[in-house]
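Student: Protein chains in written order, with the numbering used here: chain E, -7 to 319; chain A, 59 to 197.
I should point out that these hints are in silico values taken from the structure, not numbers from a laboratory. Beta carbons: idealized from backbone N, C-alpha and C, even for Gly. Check the hints yourself; a few may be wrong.
Partial pick of chain E residues on the chain A-facing surface, computed with a CB cut under 7 Å [as the list claims (entries may be wrong)]:
(1) T14
(2) R15
(3) G22
(4) S80
(5) S104
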Amino acid sequence: MTATLVDRVLANDQAGIARMLTRIERRDEGVDKELAQLHEHTGRAHVVGITGPPGSGKSTLVSAMALEYRRQGRTVGILAVDPSSAYSGGAILGDHIRMNALAGNPDVYIRSLATRGALGGLSRAVVDGLSVLDAAGKDVILLETVGVGQVEVDIMGVAHSTVVVSIPGAGDAIQAIKAGLLEVADVHVVNKADAPGADRTVSELRDMLRLSRRKAFQWNVPVQKTSATKHEGIAELIAELDKHLGWMHEHGELEQHARRISTTRVRWAAEEVALRDLRPGKPDFDAAVEQVAHRRTDPLTAARQLLGVDTAGNPPQTSPIPKEGTS
Amino acid sequence: MTENTAPLRVMLAKIGLDGHDRGVKVVARTLRDAGMEVIYTGLHRTPEQVIEAAVQEDVDVLGVSLLSGAHMPIFGRIFELIDALPSAPRFTLVAGGVMPEEDEEELRRRGVAAVMGQDTPPEAIVEMLRRVVAETAAR
Ligand SMILES: Nc1nc2c(ncn2[C@@H]2O[C@H](COP(=O)(O)OP(=O)(O)OP(=O)(O)O)[C@@H](O)[C@H]2O)c(=O)[nH]1
Ligand SMILES: [Mg+2]
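Assemble the whole structure, with the sequences as input and the hints as a guide.
Tutor: In structure tokens form, the structure reads like this:
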């Protein structure tokens, strides 16, 4: 018997992981059942988000970090989100990641996602994709998105630790605030520190962090200088990220994070379960539409009947959430 | 339901010493403008890197472009690597570059779905990729 896709993901088989991620992007039939089976195998990976303005060196930094994690004996997966063209829906993906030392490295799994390529929405594809890499046993998952646009910044909410990348030069730090990036940073990186002006940008950022007065017992956001091209400051950055994960753990923030992601996932799943048969072509649905159109009933009552919820809004007797079989 | 609405994923690879990629970048943009998702590997890749990346990205099409004249040994290596994969890859293989007709026939015989000359207009490439992917899916 051939191994199922779930088995292949759990065995960290590259082609199996790749296939599973495609199924997620396309929301193929049956993908939810596969994800359900993977769920119990997740929860180990440290998800690190990397965001910042276009061209700040995110992909180069991600590659340098991946190599450093590998050097430390940790396994790495990378999800790189690139913007789709607003006109054609097409995209040019992950170009700089593919252009350096990591290209084709079988020890590091790299997958590019287009912002509009995912048919169930980007955040869902990212959340599900992270689960796959987590279940495959990656110790660290690096998630790159460009820090423009709300969708891209919001995606960082799925990471345990978020790195915001700036580059030396007047006004860049200010731009970061405008884009709403200052608040999401757990670690600030000033990349291209081999270029002049890095120290000034570091102190600008420190000033700004001081101004946005933090409460007691909050994580103290560090500012780290790196040169991604020269591999400088990378081990230090990773040390800060490890420290942040430790802090999350000690302060109950990891659990909080898991609960927040789970809330979203349960709601997505519930919507899908509930709506599966609620569409034109399904007899009960069509009948309800007729009734409402002829004003024999109202939309709310019809919806409650279809969902098997009584008119007072109570749930049906049987559990609406089917227990997943372990087969 | 979604198989036909998802954008085509295409990897464009440059293998070998050939140091020019203006052409392949033009093709990349044309494909993007036609609604495809394009992953460009960058210059000077090895066949090993390209096959690994194509598997990881689960692309529909792998387009390998070479001008160096070493296309037969390079494709020979590509076929070896594909044969050595634990499971048959999903991608359709396409070649770009200039080569004698008998080489072209040999590549087709060994599974390359199409060979595009250097002067193929980008729009024709779009058409051709859609056609070969449809043909592969039909098989
Ligand atoms: N001097 C210097 N250049 C760098 C450094 N890091 C990246 N670069 C260069 O900056 C350019 C952009 O790098 P990328 O890694 O593609 O930047 P990015 O933020 O991923 O870009 P987008 O994904 O397009 O937003 C490339 O030419 C890199 O070589 C660095 O530390 N120092
Ligand atoms: Mg990038």
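Student: All hints are to be evaluated individually against the structure, with a verdict given for each.
Tutor: Now the hints, each set against the structure:
no., hint, result
1, T14, "holds, 5 Å"
2, R15, "violated, 9 Å"
3, G22, "violated, 12 Å"
4, S80, "holds, 4 Å"
5, S104, "holds, 6 Å"
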